[in-house]
Amino acid sequence: MANHEHKLEIFRGLLKFKSNVQKIWGVLIFLSIVTAIEVALGILKPPILLNYFLGLKLINWMFIIMTIIKAYYITWDFMHVRDEKPFLKNTIIVPLLILIPFLLFILLWEGSYIFDIMLDGLKEWDFDIY
Amino acid sequence: MYYVALMTFILIFSSVTMVLAVDAGHNNNKNRVAFYMLLTIIGGAVFVGSQAWEWKNFIKGEYGAVEIQNGEILQFYNLEEGKRIPIDEFALSLTQERITHDDNVGIWYQSESKLPETSLDEVLAGFENNQNLTVRLEQIDESGHKIILNREEAEAKLKSATRVVKGANLIRNEYGNPLFADFFFFITGFHGFHVFSGVIINIIIFINVLLGTYERRGHYDMVEKVGLYWHFVDLVWVFVFTFFYLV
Numbered sequence: 001m002a003n004h005e006h007k008l009e010i011f012r013g014l015l016k017f018k019s020n021v022q023k024i025w026g027v028l029i030f031l032s033i034v035t036a037i038e039v040a041l042g043i044l045k046p047p048i049l050l051n052y053f054l055g056l057k058l059i060n061w062m063f064i065i066m067t068i069i070k071a072y073y074i075t076w077d078f079m080h081v082r083d084e085k086p087f088l089k090n091t092i093i094v095p096l097l098i099l100i101p102f103l104l105f106i107l108l109w110e111g112s113y114i115f116d117i118m119l120d121g122l123k124e125w126d127f128d129i130y
Numbered sequence: 001m002y003y004v005a006l007m008t009f010i011l012i013f014s015s016v017t018m019v020l021a022v023d024a025g026h027n028n029n030k031n032r033v034a035f036y037m038l039l040t041i042i043g044g045a046v047f048v049g050s051q052a053w054e055w056k057n058f059i060k061g062e063y064g065a066v067e068i069q070n071g072e073i074l075q076f077y078n079l080e081e082g083k084r085i086p087i088d089e090f091a092l093s094l095t096q097e098r099i100t101h102d103d104n105v106g107i108w109y110q111s112e113s114k115l116p117e118t119s120l121d122e123v124l125a126g127f128e129n130n131q132n133l134t135v136r137l138e139q140i141d142e143s144g145h146k147i148i149l150n151r152e153e154a155e156a157k158l159k160s161a162t163r164v165v166k167g168a169n170l171i172r173n174e175y176g177n178p179l180f181a182d183f184f185f186f187i188t189g190f191h192g193f194h195v196f197s198g199v200i201i202n203i204i205i206f207i208n209v210l211l212g213t214y215e216r217r218g219h220y221d222m223v224e225k226v227g228l229y230w231h232f233v234d235l236v237w238v239f240v241f242t243f244f245y246l247v
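Protein sequence lines, in the order shown, are assigned to chains L and F. Here my numbering is used: the first residue of the first sequence is 1, the next is one more, and so on. Here my numbering is used: the first residue of the second sequence is 1, the next is one more, and so on.
Okay, chain L solo, but in the shape it has when bound (with noise of 0.2 Å):
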């Protein structure tokens, strides 16, 4: 930022920048690419990828992997965490590898709880209203 410098390239150098600039449009045309592909996922439904994999259908596994990627190029290029030094990336990322699970596990704890309980529970579908 004090600098104003740049890494120009995305891929892991497969694709160069010439420009700061240019470089923001590539990684839009980029999330573009990917969120096209999600939309048309959701909208067809592949039969085949909706047989399960570790508990969840494969098409949720793809979205929730093309997520992350647009995450990562969100954050590395939109938020200009690819130019900061590996000490402050590693002060990001390090604490979400540790939350982020520790977030996941309550909620499907709790969520599994909940639907055990709409399923074959004591006698109501609605905890609302009763």
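Warning: the hint list may mix true and false statements.
What the hints assert, rightly or not - Using 27 Å as the maximum straight-line C-alpha spacing, the simulated DSS-like pairs for lysine-lysine come out as follows:
{"id": "1", "chain 1": "L", "residue 1": "K7", "chain 2": "F", "residue 2": "K225"}
{"id": "2", "chain 1": "F", "residue 1": "K157", "chain 2": "F", "residue 2": "K60"}
{"id": "3", "chain 1": "F", "residue 1": "K83", "chain 2": "L", "residue 2": "K45"}
{"id": "4", "chain 1": "F", "residue 1": "K157", "chain 2": "F", "residue 2": "K83"}
{"id": "5", "chain 1": "F", "residue 1": "K225", "chain 2": "F", "residue 2": "K30"}
{"id": "6", "chain 1": "F", "residue 1": "K146", "chain 2": "F", "residue 2": "K83"}
{"id": "7", "chain 1": "F", "residue 1": "K157", "chain 2": "F", "residue 2": "K114"}
{"id": "8", "chain 1": "L", "residue 1": "K18", "chain 2": "F", "residue 2": "K30"}
{"id": "9", "chain 1": "L", "residue 1": "K57", "chain 2": "F", "residue 2": "K146"}
{"id": "10", "chain 1": "F", "residue 1": "K146", "chain 2": "L", "residue 2": "K45"}
{"id": "11", "chain 1": "L", "residue 1": "K85", "chain 2": "F", "residue 2": "K225"}
{"id": "12", "chain 1": "L", "residue 1": "K57", "chain 2": "F", "residue 2": "K83"}
{"id": "13", "chain 1": "L", "residue 1": "K89", "chain 2": "L", "residue 2": "K7"}
{"id": "14", "chain 1": "F", "residue 1": "K225", "chain 2": "L", "residue 2": "K89"}
{"id": "15", "chain 1": "L", "residue 1": "K85", "chain 2": "L", "residue 2": "K16"}
{"id": "16", "chain 1": "L", "residue 1": "K89", "chain 2": "L", "residue 2": "K16"}
{"id": "17", "chain 1": "L", "residue 1": "K18", "chain 2": "F", "residue 2": "K225"}
{"id": "18", "chain 1": "F", "residue 1": "K30", "chain 2": "L", "residue 2": "K7"}
Think of the hints as simulated: they come from the structure by calculation, not from any bench.
Got chain L sorted already, so can you dock chain F onto it with the hints?
Chain F only, in chain L's frame:
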């Protein structure tokens, strides 16, 4: 789905114009910063507006459903056409005198929520009248489709019908379990509110850019800071879009 995808593109695009504004700020180019900030504000405003429109449709409802005693939601399904049918389409119009109870009549100053345009009796009479109709549950079978009952099962279920549900709110939801509606409104509401405050902050910074505050200061770091906020809101939307609209 299509509309939400468009909204996603709009938000990503406004994120891009924000980066371009930051980049122009590094080159101390006031006019370009102002131009890109303006585009960002427009993108954000369009997004919030679309969100509000989507909420309005969701709250108003489309098909309508019937709630039964144990809280389950029954949606109506036309076997002949093989698709869901709106309740106003088959309900018979009966002459009934039942007006909304307001708190200015009666002694206990209590009011009730607005009555649905179609009453439960009208829906049930219409169901009785049309043998092609049946009921769809909110539970799904192994292949992931909502379970469609046959006519006898549907009639048995409808015996305990308590009210007509139209649209969704935090208590009742014609599309399924109210927990889903609660979660949807909670998450998209918080995100929408953050986008809204982001637009406000962007407008403040935009005015400051126009006034030349940052030009006199010699750097556009404030644009960079709101930019980080804006990207974060965009980042959150990427996840909301995946988990609420795609999965």
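Quick rundown of the hints versus the structure:
{"no.": "1", "hint": "L/K7 - F/K225", "verdict": "holds (20 Å)"}
{"no.": "2", "hint": "F/K157 - F/K60", "verdict": "holds (25 Å)"}
{"no.": "3", "hint": "F/K83 - L/K45", "verdict": "holds (19 Å)"}
{"no.": "4", "hint": "F/K157 - F/K83", "verdict": "holds (19 Å)"}
{"no.": "5", "hint": "F/K225 - F/K30", "verdict": "holds (17 Å)"}
{"no.": "6", "hint": "F/K146 - F/K83", "verdict": "holds (12 Å)"}
{"no.": "7", "hint": "F/K157 - F/K114", "verdict": "holds (25 Å)"}
{"no.": "8", "hint": "L/K18 - F/K30", "verdict": "holds (23 Å)"}
{"no.": "9", "hint": "L/K57 - F/K146", "verdict": "holds (17 Å)"}
{"no.": "10", "hint": "F/K146 - L/K45", "verdict": "holds (16 Å)"}
{"no.": "11", "hint": "L/K85 - F/K225", "verdict": "holds (18 Å)"}
{"no.": "12", "hint": "L/K57 - F/K83", "verdict": "holds (25 Å)"}
{"no.": "13", "hint": "L/K89 - L/K7", "verdict": "holds (14 Å)"}
{"no.": "14", "hint": "F/K225 - L/K89", "verdict": "holds (17 Å)"}
{"no.": "15", "hint": "L/K85 - L/K16", "verdict": "holds (20 Å)"}
{"no.": "16", "hint": "L/K89 - L/K16", "verdict": "holds (21 Å)"}
{"no.": "17", "hint": "L/K18 - F/K225", "verdict": "holds (25 Å)"}
{"no.": "18", "hint": "F/K30 - L/K7", "verdict": "holds (24 Å)"}
Comparing the model with each numbered hint stated earlier shows that all of them hold.
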